[in-house]
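Peer 1: For reference, the chains in residue letters:
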Amino acid sequence: MALVLFAGAPLAAFALSPADVAPLAGDDFDAKSAAIDKLIANHDKESMAVLKALSDDSALATDSGAVLLQDGDTAKDAVTGKTVAAGDAQPVTLNNLLRSKVAGALSGLQLDSPDRATREAAITSLLQNPDPSIKPLVDAARAKETDPALKKRLDTLWAMTALHDTDPAKRLEAVQLVAARHDLDMNELLRPLVAKKPDGTFVEADDRVRAAAQSGIDELDAIQRRSQIAGTLFAGLSLGSVLLLAALGLAITYGLIGVINMAHGEFLMIGAYATYVVQNLFQRFAPGAFDWYPLLAVPASFAAAGLVGIVLERLVLKHLYGRPLETLLTTFGVSLILIQATRMLFGAQNVQVVNPAWMSGGVTVLPNLILPYNRLAILAFSLIVVGIAWAVLTKTRLGLFVRAVTQNRRMAACVGVKTARVDSYAFAFGAGIAGLGGCALSQIGNVGPDLGQSYIIDSFMAVVLGGVGQLAGTVIGGFGLGLVSKAIEPFWGAVLAKIAVLVLIVLFIQKRPQGMFALKGRSAEA
Amino acid sequence: MTSATSSAHVGAGGGDLPGRDAQSGFALGLPPRPALLSRRAWLALIALIIVFGLGVPFATLVVPETSALHLSAYAMTITGKFMCYAIAALALDLVWGYCGILSLGHALFFALGGYAIGMYLMRAIGHEGKYGSDLPDFMVFLDWHQLPWYWQGTQHLGYALLLVVLVPAVVAWVFGFFTFRSRVKGVYLSIITQAMTFAAMLLFYRNETGFGGNNGFTDFKRIGGFPITHPGTRTAVLLITFAVLILAFLGARAIVTSKLGRVVTAVRDGETRLMFLGYSPLAYKLFVWTVSAVLCGIAGALYVPQVGIINPGEMSPGNSIEMAIWVAVGGRGTLIGPIIGAFAVNGAKSFFTANFPEYWLFFLGLIFVLVPLLLPNGIMGLIELMTRKRNRS
Numbered sequence: 001m002a003l004v005l006f007a008g009a010p011l012a013a014f015a016l017s018p019a020d021v022a023p024l025a026g027d028d029f030d031a032k033s034a035a036i037d038k039l040i041a042n043h044d045k046e047s048m049a050v051l052k053a054l055s056d057d058s059a060l061a062t063d064s065g066a067v068l069l070q071d072g073d074t075a076k077d078a079v080t081g082k083t084v085a086a087g088d089a090q091p092v093t094l095n096n097l098l099r100s101k102v103a104g105a106l107s108g109l110q111l112d113s114p115d116r117a118t119r120e121a122a123i124t125s126l127l128q129n130p131d132p133s134i135k136p137l138v139d140a141a142r143a144k145e146t147d148p149a150l151k152k153r154l155d156t157l158w159a160m161t162a163l164h165d166t167d168p169a170k171r172l173e174a175v176q177l178v179a180a181r182h183d184l185d186m187n188e189l190l191r192p193l194v195a196k197k198p199d200g201t202f203v204e205a206d207d208r209v210r211a212a213a214q215s216g217i218d219e220l221d222a223i224q225r226r227s228q229i230a231g232t233l234f235a236g237l238s239l240g241s242v243l244l245l246a247a248l249g250l251a252i253t254y255g256l257i258g259v260i261n262m263a264h265g266e267f268l269m270i271g272a273y274a275t276y277v278v279q280n281l282f283q284r285f286a287p288g289a290f291d292w293y294p295l296l297a298v299p300a301s302f303a304a305a306g307l308v309g310i311v312l313e314r315l316v317l318k319h320l321y322g323r324p325l326e327t328l329l330t331t332f333g334v335s336l337i338l339i340q341a342t343r344m345l346f347g348a349q350n351v352q353v354v355n356p357a358w359m360s361g362g363v364t365v366l367p368n369l370i371l372p373y374n375r376l377a378i379l380a381f382s383l384i385v386v387g388i389a390w391a392v393l394t395k396t397r398l399g400l401f402v403r404a405v406t407q408n409r410r411m412a413a414c415v416g417v418k419t420a421r422v423d424s425y426a427f428a429f430g431a432g433i434a435g436l437g438g439c440a441l442s443q444i445g446n447v448g449p450d451l452g453q454s455y456i457i458d459s460f461m462a463v464v465l466g467g468v469g470q471l472a473g474t475v476i477g478g479f480g481l482g483l484v485s486k487a488i489e490p491f492w493g494a495v496l497a498k499i500a501v502l503v504l505i506v507l508f509i510q511k512r513p514q515g516m517f518a519l520k521g522r523s524a525e526a
Numbered sequence: 527m528t529s530a531t532s533s534a535h536v537g538a539g540g541g542d543l544p545g546r547d548a549q550s551g552f553a554l555g556l557p558p559r560p561a562l563l564s565r566r567a568w569l570a571l572i573a574l575i576i577v578f579g580l581g582v583p584f585a586t587l588v589v590p591e592t593s594a595l596h597l598s599a600y601a602m603t604i605t606g607k608f609m610c611y612a613i614a615a616l617a618l619d620l621v622w623g624y625c626g627i628l629s630l631g632h633a634l635f636f637a638l639g640g641y642a643i644g645m646y647l648m649r650a651i652g653h654e655g656k657y658g659s660d661l662p663d664f665m666v667f668l669d670w671h672q673l674p675w676y677w678q679g680t681q682h683l684g685y686a687l688l689l690v691v692l693v694p695a696v697v698a699w700v701f702g703f704f705t706f707r708s709r710v711k712g713v714y715l716s717i718i719t720q721a722m723t724f725a726a727m728l729l730f731y732r733n734e735t736g737f738g739g740n741n742g743f744t745d746f747k748r749i750g751g752f753p754i755t756h757p758g759t760r761t762a763v764l765l766i767t768f769a770v771l772i773l774a775f776l777g778a779r780a781i782v783t784s785k786l787g788r789v790v791t792a793v794r795d796g797e798t799r800l801m802f803l804g805y806s807p808l809a810y811k812l813f814v815w816t817v818s819a820v821l822c823g824i825a826g827a828l829y830v831p832q833v834g835i836i837n838p839g840e841m842s843p844g845n846s847i848e849m850a851i852w853v854a855v856g857g858r859g860t861l862i863g864p865i866i867g868a869f870a871v872n873g874a875k876s877f878f879t880a881n882f883p884e885y886w887l888f889f890l891g892l893i894f895v896l897v898p899l900l901l902p903n904g905i906m907g908l909i910e911l912m913t914r915k916r917n918r919s
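Keeping their order, the protein sequence lines are chains S and P.
Be aware that the first sequence starts at 1, since it is given in our numbering, and climbs by one per residue.
Be aware that the second sequence starts at 527, since it is given in our numbering, and climbs by one per residue.
To be clear, the hints were calculated from the coordinates, so they are not data collected in a lab.
Note that the coordinates shown come from a computational prediction; the quantities given were computed from them, not determined experimentally.
All C-beta atoms in this analysis are idealised placements derived from N, C-alpha and C, irrespective of residue type, glycine included.
Wrong hints could be hidden among the right ones.
As the list claims (entries may be wrong) - Chain P regions said to be covered by chain S (calculated; three or more residues, Cβ under 8 Å): (1) 707 to 718; (2) 728 to 741; (3) 839 to 852.
Just need the whole structure built from these sequences, with the hints factored in.
Peer 2: Written out as structure tokens, the structure is:
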């Protein structure tokens, strides 16, 4: 390096020699790379001009091996600085590797900028793509930097460029600094240090450096495992919370009336479309308060789904009690009608429901694990809904009646409970909860007429798994199903995971048939 | 297979006694076994067989195409399709109408039968596929170099026909054994059958499963050495379908009028009571369930050569539920009703999807809602009601 500087010195005004730039005009990319390294090591004004020209494609090469810097219509010789005719000069060709090297060098040259923000930007961009060739620039910057925060980041940057330094002590320090970053991308930098050459010797000769690299890798692996587990856990809980919202209403109505409502998924869909309508109203009439539209969308989706639910119960289901299989078919028919009606009202395409600003983005828990706010919000929302459902069922008069009718319909009727009315209210309540589920779903997924279809079977499975009539069962069923599905998915893929879950449920029924399927109280059959 | 033997065994334990007593002239008050068909019904059936068996070949092969009496390829496909649906509806009636098991997964058995014959039809294309390879086109497309093991032997029609029976039978038996054994019933069973067909659909949608993924099987060229689109071949397949429909009807009728059929009906009406009487319902349920699945598979196998395509959409849960509505419209537990229902509902479907496509789902939904409400016994119930009224007046 010193030699290069020395060799450049006699030219005084022009630090570059023709031999420095000649390889750039050639075809050998290795030679070009070495030449660029040299330019970086020089880091004087002229070298910088060449690098700049290389990065914006205005460097030309003549057949004689001279490099010209194009500036508008004129061209200057990179070494002599004289204006020359461009003639038949061709642009210098670079491959991607060289391009990123040049870009890195230009950032590196900004490291000694007097402006702190410029320096910070340069460090940030270099951290993403540290090339060992910029080490001289980083060395220089590190010696000068006074800002402690930037200095720390510069240390890391230096470490990343110094991993292959000739001095083992420096390498060791570099490895330790790199490992301390706890950044999973650092794996790529550390791995080569513990690799073996084809002849069996280690690439890295120094034992201590190798050991430090290995422990760094182990640490990173552990972080990765942890965040993977946490990610799976969160995905499972998130899916579970959606299933829970979908299954909750189903479990209530099934426990009470013995009706499996195939149109339940469509109540989700109605809730989602109610959210969509409320969102549009806010966009139209109160764009300023748009962020708060969920506050209105939640009750609206509950009311819309509940209303459809009560109409369905009064008009149709009431007449079919005691004929569960036919009710199944009837509610399927209702779901067809609702889907088709939605298609005609809103179109067959998915509609767009926008997250309010406070729900977009996410919180970074671990280096590669970001929990989106909307999913967190839904998780919390589903727990609140469970809480409300629990309060309604255990603390209110209606809840008391619902539990009474669920346990023993005739006895409840005998002591004066208007069972038919309880049925209607409970059905509307269950439908409303599904509507809330739809409102939640609209924040994380597509809203279309077929929305309900994709969740209905899963929520049935959650009910089957958790048992009927108990809130706790549904909560466990929903979250359990979500967690199990997401736990299997990474290994077998989504489809096989679904099949595996089904098989597991069928096997589970073998073990616990009565516990899961017997309706307490009035279940004794003919 | 096991189900049949084991049910015979249980039948011998529980049901043989009255038979022996009847022989010795000592009746236990059991009603006599009803005739397979009444005299009038036999005559009507024979007339139908003659009219159909002679009329169809005449109308397709002899009558010139310009004539109004000519049966077009489209009309033949429609008729054949409806008859396949009718067989499937009959199969569903056997389990739902007589055993009280509402299966929402029969489309799976239908599609399995279709896929079994489809494998043969794909192999029968030979080198005439787009890629001119020994392998079916989709395998070439997936860059597979040899047939998966479960495709071995499917080039023989006989083996494919065996698969048509065996695959649905084994799937149904295994599934039925595990669910019936744990006494899952009612709506839960329906939901689980639906989940079963849903899971299978997802499985078949995957390319790696080896059944053509999304596109399934199509572009068939010949069956049993005959070109599949030739009017003669089509007529033959249609007549076979018709024959299978008649045989299936008679077979189902034989089952439900037998002593075994009486026990099956008892399972429907009071399973617990039947158990208290010392019967184990498992074998009876399994038998009817498996027979029904096989019948459904045969219907699917007849369906595929006529419509020329099979894909995983065929086993969607929606299709299964539509089958249930054919049965409900025709009248559960009547055997003839589901056949009528299959023709009626699918006729309406063809009419609506051709003329008012956007209203078909409304109409179908309305049938689903109104039939259980207003016509709990379907068309057959309506007919019975009217004849009774006429007799009274």
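Peer 1: Determine which of the earlier numbered hints do not hold for this structure and return their numbers in increasing order.
Peer 2: Every hint satisfied by this model.
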